[in-house]
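*Asks:* Read top to bottom, the protein sequences are chains A and B. So for the first sequence, the working numbering puts the first residue at 1; every next one is plus one. So for the second sequence, the working numbering puts the first residue at 1; every next one is plus one.
Just so you know, not all the hints are guaranteed correct.
Intra- or inter-copy, both count: the list cannot distinguish identical chains.
[Stated by the list, open to error] In silico DSSO-like cross-links for lysine-lysine, where the CA-CA straight-line distance does not exceed 30 Å:
hint, residue 1, residue 2
1, K518, K412
2, K545, K529
3, K412, K529
4, K529, K90
5, K323, K333
6, K87, K176
7, K279, K259
8, K545, K15
9, K90, K518
10, K87, K518
11, K584, K412
12, K176, K104
13, K104, K259
14, K90, K176
15, K104, K87
16, K260, K104
17, K87, K373
18, K79, K15
19, K259, K570
20, K321, K580
21, K518, K104
22, K545, K321
I should point out that these hints are in silico values taken from the structure, not numbers from a laboratory.
Number of protein chains: 2
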Amino acid sequence: MTVDDKIRKIQEMMKKDHLDGWIVYGSDPHNSEYVCPRWRTRAFLTGFTGSAGTVLVTPDGADLWVDSRYHIQAEAEIKGTCITLFKADKPGVPTFWEYLCSQKTQLHRIGTSADCLMKAELDRMTAEGFEVVPTADYLDAIWPDRPSVPDFPVRQMPDRICGFSAKEKLDQVRSKFGDIDYMMISSLDDIAWVLNLRGNDIAYNPVFLSYLLIGRSDTVLFADRKRFSDEIYDSISNVVRVLPYDQTGLFVGTIEQGKKVALDFGKTNMLIYSSFPAKTQFVNQMDVTTRMKACKNPVELDGMREAHILDGAALVNFLAKVKKNPEGWTEMKLTDTLQAERDKMPGELGPSFGPIAGYAAHGAMCHYSATEKSSSAVKRGLVVLDTGGHYEMGMTDVTRTLLFGMPTADEKRDYTLVLKGHLALFRTHFPEGTCGIQLDALASQFLWNNGLLFSHGTGHGVGFCLCVHEGPASISHRVGSASTEYPLQIGMVISDEPGVYLEGRHGVRIENLVAVQKAETTEFGNFFKFEFLTMCPYERDLIDKSMLTDEEIALVDSYHKEVLDKLSSKVAPEALAYLKEATKPL
Amino acid sequence: MTVDDKIRKIQEMMKKDHLDGWIVYGSDPHNSEYVCPRWRTRAFLTGFTGSAGTVLVTPDGADLWVDSRYHIQAEAEIKGTCITLFKADKPGVPTFWEYLCSQKTQLHRIGTSADCLMKAELDRMTAEGFEVVPTADYLDAIWPDRPSVPDFPVRQMPDRICGFSAKEKLDQVRSKFGDIDYMMISSLDDIAWVLNLRGNDIAYNPVFLSYLLIGRSDTVLFADRKRFSDEIYDSISNVVRVLPYDQTGLFVGTIEQGKKVALDFGKTNMLIYSSFPAKTQFVNQMDVTTRMKACKNPVELDGMREAHILDGAALVNFLAKVKKNPEGWTEMKLTDTLQAERDKMPGELGPSFGPIAGYAAHGAMCHYSATEKSSSAVKRGLVVLDTGGHYEMGMTDVTRTLLFGMPTADEKRDYTLVLKGHLALFRTHFPEGTCGIQLDALASQFLWNNGLLFSHGTGHGVGFCLCVHEGPASISHRVGSASTEYPLQIGMVISDEPGVYLEGRHGVRIENLVAVQKAETTEFGNFFKFEFLTMCPYERDLIDKSMLTDEEIALVDSYHKEVLDKLSSKVAPEALAYLKEATKPL
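For reference, chain A alone in the conformation it holds in the complex (with noise of 0.2 Å):
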């Protein structure tokens, strides 16, 4: 079937449905980031295969809306279908929304899949004078070898590793319960965090398709009995019960009516909130889980610490390899060789995101993905490099930026504006009760100061042993979002990642992980600072040090010297002389 044809089976159902629109979001029940393939929905029906879009159908016709990101990618993936693109981000166009509310006339009855509308855009969209229907999910009408919901096994985690039993966290999580009756968890790492499990159903996200519906004395987990061995199972049927994931509604069908259930309505699908009884008092807010994991406990900041050393470690095994060798590389040999190299490490389970390797002009792509047919030989220039690893005691997301050959003034330049930021924003200290909007600035004050920026954000939350982007935790410019306006707290860890990209030219990005820990108290009360996780050297012979203060130097070589105390007896022998030479004071 064509994408036409697709698009023209779904404007019949909505005719029957007297839709003026449907709207294709492209996440999952969950909300998730990342989807399973069965949830590749955008995809399917346009044929655009980016992480991020919004589709439109009318009935005379359809339209994606894509990020800064995709502009080329979709207009090439959607040629000669007839969906119209809207390039979001470039003067003038108007995003999804905008363009939903000039067009208020027209479209008036807008529909979406139930199991993919999030109770709060549904609010959204209401309060703003659409009608809004749920639907049925029209692509299973036009998908037959749809892909089933996963059911890879789930596996434990060691309490040991975890700090607390799944127990003991479900009892920090009803202590913060005050007058809820119910907490109904949709959001999948929220769950596998919570129980102490871990799955295989997305792609770099260890989850398992759930919800858990946590009561004042029992817990009800939604997914499949065969997904558990009898040994695990036996174990976790302790604190819940395994009810089957497609029953769910079935079930919260069956409160008690009258009952206060707390969920958060950005995670919520319409499918899940119609099915509680019609009295539920609902109080939308933040999950407790997500506001707990976000807080890495000490057991979890250690195993943080000791998946970062044996990452450095390969880390530096591969640089090792690089700079001795630094010929006939392409963009994928180098990602697979670090892939490789992280392989070797004791507890390493494989990459914790689509690793990133982008020379030259693909390195000023901020999300460029090299392919088989993309991935560029390396030849004089610079290489961002983001990648990162899971661990069975915690995970890692690292960018280095390579120089192969001799350095450019300007690429010297670049790479030294963005080493400042990422130090400044390091190395400040912060009371209680900071924000990360209060603190992006520091990253990127001495780019603004030569003119230049970058417009993602400056870090990101990172989970433990699950996803490598986790809310609320972040650091950014977005002003008015509610992660970048959660204040940052102690065991949060989040990225450093300050950078700048020249379209057609180069791109810098240097990323460290940094945990928040405790710095002092005084009479204005408690302040915070920041600790580096990650462990390897930056990148010297693109350093101007001139351009740096005495304190930024000192910053550096100490930094350098943790570096080597840490990774000298990990890293392979071959890879010593270089770790040495990397770590020497500037």
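With chain A's structure known, arrange chain B on it following the hints.
*Replies:* Same frame as chain A, but now just chain B:
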């Protein structure tokens, strides 16, 4: 009548209206920050004379909320009355809003004087489930000698000082009408600004009580005829019809049904709001005049620069006197002497706000204002001196921290940390679209790294010959505040005033006004920077040069050179030696 008598009378009136509570916000019908004597309602009812606080009268008593600036003063002033004091900002003490929400069962039906109840506040309370009753002003019945609505003469500013005539400004406003039929302006400084008029109704704030209804062709100014000389009346009659202030509601009630009226719910009181015809379509938005006046035009900026040179000369003349003879000063003698110097300047019109001089521990009280009784004799130590002047062509607001005698190491450290933050904020460039909250940490970072902080905003917008606090320009750490999250724009005038306050010891604050200017345009868009308007030397004996970077030293030196160049021909001959000494390179 005692305070308790007054409260009993209010309670009787509440009973007739079946109210559970009656609120006194203490503002005026225009939601002004400062009010004329008629609307000093909070002070009349409770005896508390501070500039902020909320009163809630209940059937059994009365409660007063004041912030940390006023904990001690309020306690003293309400002593012996039936009023319960809530010291907001203290741990565990609910804010007024938290308290109201926590008492929802008893406090269901809440009244407040309709003319001082803003539509936005009514909406907030209604959304929270309260029944809100706009009432008559109960105080009228118990305040026999209540001051009348002020009707001081209104003066007209020459167009050449304002940059545009009132007609031109009104045309600019109308060009932003879109499909709006009327804009209803309640904000007093907006009205004064757009009409090039100034009043004398509120101390330090040259506004006059009025409303302005801007239509597509017709514009009506609601202000009493007798306030205008014949000459001014003739002049403004070309652009507005003048109708009596007390007929505003009557008139807007005669507007044709179904018109689209833009107004700012945060500044529109319920008496006015409910006077519009039933089918009026309201558009709640920040007044266009507020946005326009925030960005000073080139003529206004030139006037501001000129005023700052005159003001700087007055400051230097004053400082030269103090430095020549540092004995025998009191806090009040300092502010009086400075004002006497300002009064000698051509075009000076008086102080732009109540002057602050805080010696030693008084300087650590952020909003301390000396009275005849409290005014300290100044001995060794620091004085925070925060003052400003109105001039015909601009206005100023400047803080210098003065040293008397030899400094302690702590005093020098604190002064230098504050200065470093003041300079860091000043010297940053930033991309178009940047909001105040993003820059705030630049001013605080050095304090934070030493376990210090200040809790007031870092910068407030300043008017053009109007209010010294003018929104929406703001640089502050207050996450989620509309003004902190309003982008900084070319022409905005804003203060750069970090400080630090060591309770019982000393305070430091350094404040210059800055104007937002274009810096450069690159492939990443437009970048902005700040220009110093304030021209006055820093206190060089408080600067610990060893704590400054070379860049900071160069910045202080170049600023001091600019101060010397601009002021040397303006200061009194006997002050020149001080000026030269104070501005020589560090």
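*Asks:* Against each hint, give a clear statement of whether it holds in the structure.
*Replies:* Comparing the hints with the structure gives:
1. K518 <-> K412: Answer is between: at 27 Å across copies they meet the 30 Å cutoff, but 34 Å inside does not.
2. K545 <-> K529: both (25 Å within a copy, 27 Å between copies)
3. K412 <-> K529: both (28 Å within a copy, 25 Å between copies)
4. K529 <-> K90: This pair counts as between: shortest inter-copy Cα distance 25 Å, intra-copy 38 Å.
5. K323 <-> K333: So K323 and K333 pass the 30 Å test inside one copy only (14 Å; across, 71 Å).
6. K87 <-> K176: Classified as between; 28 Å across copies, 44 Å inside a copy.
7. K279 <-> K259: Intra 8 Å, inter 40 Å, cutoff 30 Å: intra-copy only.
8. K545 <-> K15: neither (66 Å within a copy, 76 Å between copies)
9. K90 <-> K518: between (42 Å within a copy, 23 Å between copies)
10. K87 <-> K518: between (44 Å within a copy, 29 Å between copies)
11. K584 <-> K412: Within one copy only: 19 Å inside a chain, 37 Å across chains, cut-off 30 Å.
12. K176 <-> K104: between (42 Å within a copy, 23 Å between copies)
13. K104 <-> K259: between (37 Å within a copy, 21 Å between copies)
14. K90 <-> K176: between (45 Å within a copy, 24 Å between copies)
15. K104 <-> K87: within (21 Å within a copy, 49 Å between copies)
16. K260 <-> K104: For K260 and K104, only the inter-copy Cα distance (19 Å) is at most 30 Å; the intra-copy one is 35 Å.
17. K87 <-> K373: Within. Shortest intra-copy distance 25 Å satisfies the 30 Å Cα cut-off; inter-copy 67 Å does not.
18. K79 <-> K15: Answer is within: at 26 Å inside a copy they meet the 30 Å cutoff, but 73 Å across does not.
19. K259 <-> K570: Neither: 55 Å inside a chain and 75 Å across chains, both beyond 30 Å.
20. K321 <-> K580: Classified as within: same-chain Cα gap 14 Å, cross-chain 63 Å, threshold 30 Å.
21. K518 <-> K104: neither (51 Å within a copy, 38 Å between copies)
22. K545 <-> K321: Within one copy only: 26 Å inside a chain, 47 Å across chains, cut-off 30 Å.
Comparing the model with each numbered hint stated earlier shows that hints 8, 19, 21 do not hold.
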